[in-house]
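Student: Whenever a hint applies, use it, and build me the whole structure from the sequences.
Protein sequences, first through last, are from chains A, B and C. Residue 89 in the UniProt record's numbering sits at position 89 of the first sequence, and the numbers go up by one each step. Residue 229 in the UniProt record's numbering sits at position 229 of the second sequence, and the numbers go up by one each step. Residue 196 in the UniProt record's numbering sits at position 196 of the third sequence, and the numbers go up by one each step.
Because the hints were derived from the structure by calculation, they are not lab data. Accuracy of the hints is not assured; some may be wrong.
[Unchecked claim] Label-pair ranges, simulated between beta-carbon atoms:
| id | chain 1 | residue 1 | chain 2 | residue 2 | range |
| --- | --- | --- | --- | --- | --- |
| 1 | C | T189 | A | A71 | 30 to 40 Å |
| 2 | B | V2 | A | A71 | 48 to 58 Å |
| 3 | A | G154 | B | G88 | 24 to 34 Å |
Glycine included, every Cβ here is placed at the ideal spot set by N, Cα and C.
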Amino acid sequence: MSTLLQSLVNALNLGGLYALYALGMAMVFGILRLVNFAHSSLIMAGGYTLVFTAGLPLIVRLVLTVAVCVALALVLELVAFRGVRAAAPETMLVTSFAVSMLLASLAESLFGALPRSTDVDPVFRESWTFGQVYLPKINVVTVIVVAVLIGGLGLFLTRTPAGLRMRAAAEDFSTARLLGVAADRVISLAFAISGVLAAAAAVLLLGANGSVTPTFGVNAVLFGLIAAVVGGLSSLRGAVVGGFVLGGASQVLQEVLPVALTPFRDALLFAAVFCLLVVRPGGLIRSGQGVRV
Amino acid sequence: MVDPLLSVRGLTVRYGSVTALHGVDLDVHQGELVSLVGPNGAGKSSTLAAVSGLVRPAAGTVTVAGDMVSGLAPERVVRHGVALVPEGRKIFTSLTVAENLALGATIRRDAAGVAADLERQLDRFPILRDRCSQQAGLLSGGEQQQLAIARALMSRPRLLLLDEPSLGLAPRLVDLVFETVAQLRREGLTIVLVEQNATRAVELADRTSILRSGRIVRSGTAEELGGGAAMAAEYLGGAEVGS
Amino acid sequence: MNGLLGRAGGALGVPLALFVGIVVVALLATTGPASVERLAVGGLVNVVLVVGLYVFVGNSGVWSFGHMSFALVGGYVAGLLAMPVRLKGQLLPDAPALVRDLHAGPFVAVVVGGLAAAVVAAVVAVPLSRIGGLSAGLATVSLLIAFSVVAAQWQSVTRGQKGLSSIPMGTTMPVALGWVLVALLVAWTYQRSSFGIRLRASKSDEVAAAASGISVPVQRGVAFVLSAFLTGVGGALFALQLGSINPGVFYLDYTFLIITMLVLGGAGSLTGAVVGSVAVSALAEVLRRAEGGSLLGLPVPARPGLADVVLGIVLVVMLLRRPGGLTGGRELRWPRRHGAGDRPPPVSPTASEPDPLAGVALGAGSDSRREDSP
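Tutor: Below, the structure is given as structure tokens:
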């Protein structure tokens with residue numbers, strides 16, 4: 001019973017994180033059909049912001065982290081992605097890949113390849129123990145933060161005019177523009193929201209890991225990508241569901257795989273995503289171009 | 001002579017190596033209903049797409065009430081008072097009817113005026129009032145067309161562009177669409193109507209321009225064109241569908 | 001395609017001319033210090049890898065981010081084959097007997113490495129070749145990650161993160177040049193064959209190609225397997241040049257490098273693949289010296305990672321400004337009135353494919369956006 005509970009806690013925590021990464025990517029993909037590998041760069045920038053603001057009050061550090069992530073997201077959209085907007089989704093994918101590698105190299109050049117560590121908050125290292133169940137406080141924080149962000153995003157999208165415009169643009173961009181929805185503004189807003197989500201991811205990841213490297217966030221984005229793909233890539237609800245499915249699947253595989261195979265868990269997950277993509281390319285990703293339904 | 005509300009000069013549209021429009025000229029005066037007819041691929045929809053900003057013309061100008069709008073993005077053109085009801089309605093199927101209508105008023109800031117216009121459109125299309133909170137994708141084809149027209153009117157346009165509003169509708173609904181267009185014209189709205197149902201479009205319109213292969217081959221009133229049916233038989237070569 | 005070939009050059013004029021160009025660059029490098037020669041061999045290995053990727057991407061128009069999986073397979077298979085049996089007995093005591101006992105010379109090891117990659121690709125291609133576009137791009141990324149995890153975790157055969165070392169070094173300059181020639185000839189012959197022509201038809205219009213009886217999945221699959229063979233050979237050459245291989249080498253960084261080369265040169269032509277790999281190799285070498293603190297004798301502030309920053313900027317600018325690459329997707333062209341004995345002229349920079357970005361308002365192509373609900 002207690003092991004089951006422990007697994008459930010782990011799955012929830014992992015799923016929440018994956019959902020957070022997936023949401024950030026689905027947000028941009030839904031509007032722009034861009035698979036944004038550079039989402040990892042946003043998380044990385046957030047991580048370094050936390051490192052360099054060590055010593056300041058936590059609230060200031062958090063605000064600065066959000067500010068840096070949002071600003072970088074807006075700059076990337078303006079400088080790198082605006083020019084390839086009308087290109088095929090694969091071209092945009094190559095571009096975002098290039099941007100993420102570029103920024104990782106830049107971080108290495110500026111801050112070195114070695115991990116830079118910082119302490120986000122002492123709470124992140126503490127934990128509760130209930131009998132056999134071990135519950136790190138960061139897991140609770142993660143689940144709460146993710147729930148608040150998902151709820152807030154949901155309210156924003158369904159209850160505000162700007163949210164309505166975003167949903168319209170995600171469904172049919174050119175018709176939305178015909179009605180007066182400004183393309184640049186909606187796209188910038190999508191990037192800004194993905195920046196906020198990346199900042200949250202940076203705080204939670206750093207809280208758990210304690211250090212940042214130039215490739216901080218790359219793994220997060222790879223897993224977020226699978227979660228988003230599982231959920232349909234352009235659907236925000238799908239991204240959340242995909243994140244929790246992936247978190248659950250990871251945990252289940254961890255439990256049921258023979259010991260000899262557990263190291264290959266991620267290989268199995270990614271192979272499953274490969275199969276999913278080739279079996280249902282149109283059903284999962286409706287990009288419209290080059291994809292047959 | 002009063003300046004036309006919509007003035008199109010030398011409009012040329014290319015898609016890659018294909019030229020869809022070769023220097024089209026078109027004037028539409030305040031309060032006029034002008035229809036564009038012609039066979040498939042004649043350039044009717046391309047004309048509307050270029051006027052509304054959906055495609056950028058390769059050459060030529062479009063002015064609305066003296067303001068140059070050619071080359072502007074669609075979200076800018078609509079702010080000059082141009083509303084397009086696109087071919088295939090293009091309603092947002094995942095949103096509710098009310099949300100679709102609210103999006104129609106994206107460019108407006110006068111909340112009271114928007115609320116009044118919403119009432120007016122719901123009176124015009126009573127079926128939409130019953131379906132307000134329903135997902136628009138659940139509407140029938142005729143209801144979707146009504147929603148698309150109502151949504152365009154929510155921006156309170158000076159110029160309404162209608163692209164094939166009767167396409168794919170049952171005869172009873174086609175009647176409804178044409179009655180609506182006639183009513184809008186009586187209200188003083190300036191309208192450009194693209195139709196394959198040429199006979200009715202010609203008879204309803206003040207003037208008609210016939211497009212073939214990207215060029216306007218003839219323009220005039222229904223009488224000048226020898227009556228809708230005769231004109232359709234002569235110029236459209238049986239390409240007419242519907243009636 | 002007519003008129004592209006010189007008279008004396010015959011049907012193989014383009015690959016031979018490209019090869020001559022590469023030989024000239026490589027020979028120039030051998031006049032320098034030994035370290036430069038080693039880099040030149042590494043550059044030749046990259047040419048093989050880029051040409052390998054080009055055979056699939058350039059002809060099918062479908063992006064693959066997973067080709068380094070095949071380099072990984074080729075590298076490990078060739079490395080394991082080339083290692084002496086006694087050494088394997090010590091390093092890999094738990095490996096299957098087959099892995100421990102088989103041994104081959106460097107040439108056979110490279111060929112078998114390529115074939116192993118081709119076999120893996122053939123299995124993958126059965127489902128993969130049915131899809132294109134973004135789905136294929138994402139599927140190949142997943143593939144790369146899965147292969148990389150296996151290489152990092154299969155302790156008994158790959159030694160995990162430690163990787164294989166003490167692989168006999170067999171990739172010398174002549175060997176690398178020989179394989180470059182093979183890669184160019186294979187790529188060119190394929191591209192000019194009825195297979196290549198049919199695949200290229202599907203690239204410009206998949207529906208029309210299918211309607212005229214071309215089985216797009218079969219054609220894509222053929223290109224994929226052939227391309228994986230060359231990539232596997234490239235990976236094998238890499239392992240036998242360095243004498244070692246580990247799971248990290250053929251991952252996102254190397255994928256990025258190879259894609260940069262292909263995009264920069266122009267993914268649409270073999271000439272583009274070669275021009276891109278040579279140009280980037282040269283640029284990377286210059287930048288690496290700058291990183292080391294001197295450029296043309298001038299002191300430069302040393303910055304690790306700077307080379308990759310510049311390469312990244314070059315790639316992004318290229319994608320934004322000239323998506324067709326340096327060559328714009330054209331092959332080498334002979335001036336009509338000159339004999340083919342002349343040096344091939346530089347590729348005209350003005351001859352580019354229609355710019356897909358020009359004059360296209362976002363969302364104007366309404367076809368590219370279908371109904372998706374948030």
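Student: Each hint needs a verdict: does it hold in this structure or not?
Tutor: Structure-based check of all given hints:
no., hint, result
1, C:T189 x A:A71: 30 to 40 Å, "52 Å, violated"
2, B:V2 x A:A71: 48 to 58 Å, "51 Å, holds"
3, A:G154 x B:G88: 24 to 34 Å, "30 Å, holds"
Hint violations for this structure: number 1 only, all remaining hints satisfied.
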